[in-house]
Amino acid sequence: MSNIEPLKSPADQIGLSNDELYLKLWEREQEHTKTRWNVTTFFFSISFAIFGFSLQTKNPPVPPIISHSVALAIYWFTFVLFWRFNSFTNCLREYLREMEVSGQVKMNIQTRANKAMKGQYGK
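Converting from the sequence shown to my numbering requires adding 2 to each position, the first position being numbered 1.
Check the hints yourself; a few may be wrong.
Stated by the list, open to error - Distance ranges between label pairs, derived from CB positions:
1) K108 - A51: 39 to 49 Å
2) K117 - E22: 19 to 29 Å
3) I68 - R114: 42 to 52 Å
4) N110 - A75: 36 to 46 Å
Unchecked claim - No farther apart than 30 Å at their CA atoms in a straight line, the calculated lysine-lysine pairs in the DSSO-like style are these:
5) K108 - K26
6) K108 - K120
7) K120 - K26
8) K117 - K36
9) K26 - K117
10) K108 - K36
11) K26 - K36
12) K120 - K36
Source of the hints: derived by calculation from the structure; they are not laboratory data. Glycine included, every Cβ here is placed at the ideal spot set by N, Cα and C.
Work the whole structure out from these sequences, hints included.
Below is the structure:
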């Protein structure tokens, strides 16, 4: 009577196995992390360059308070941007961990990475 199909999981809709989906998500998380650091480094560099240049000049074209304020505004903008990017990265990593813990995949890349990072920096 009705031609409505039952809901399918995202992996079924795109035709990927759970392991393939896991690897795609892991690759995307890595790309996102790289983009996050590239954008953050660029804006931090601009902020520090403006601040450093304002300290180097004897007769600045604008009052130092203005250039310091602009540098500080860019710095905080970058921090908020980094925070936003990082929340998405954490979401992807948590999803990967959930896939590992629930046994949907045979791999445990994210769990091993977490253990390595905690072991290295937990000392």
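Results of checking the hints against the structure:
At roughly 48 Å, the beta carbons of K108 and A51 sit within the given window of 39 to 49 Å. Between K117 and E22, the C-beta spacing of about 24 Å keeps the proposed range 19 to 29 Å intact. One distance hint, 42 to 52 Å for the beta-carbon pair I68 and R114, holds here, with the actual separation near 49 Å. For N110 and A75, the Cβ-Cβ distance of about 43 Å falls inside the hinted range of 36 to 46 Å, so the restraint holds.
Between K108 and K26 the CA atoms are separated by roughly 14 Å; this keeps the pair inside 30 Å, and the hint holds. Between K108 and K120, the direct Cα distance comes to roughly 22 Å. Compliance with the 30 Å bound is thereby established for this hinted pair. The hinted pair formed by K120 and K26 meets the criterion: a straight-line CA distance of about 25 Å does not exceed 30 Å. Restraint check for K117 and K36: the C-alpha separation of about 21 Å stays at or below 30 Å, so the hint holds.
Restraint check: the Cα-Cα separation between K26 and K117 comes to about 22 Å, which is no more than 30 Å; the hinted pair holds. At roughly 26 Å between alpha-carbon atoms, K108 and K36 fall within 30 Å of each other, so this suggested pair holds. Our distance criterion of 30 Å between C-alpha atoms is met by K26 and K36, whose separation comes to about 15 Å. Restraint check: the Cα-Cα separation between K120 and K36 comes to about 21 Å, which is no more than 30 Å; the hinted pair holds.
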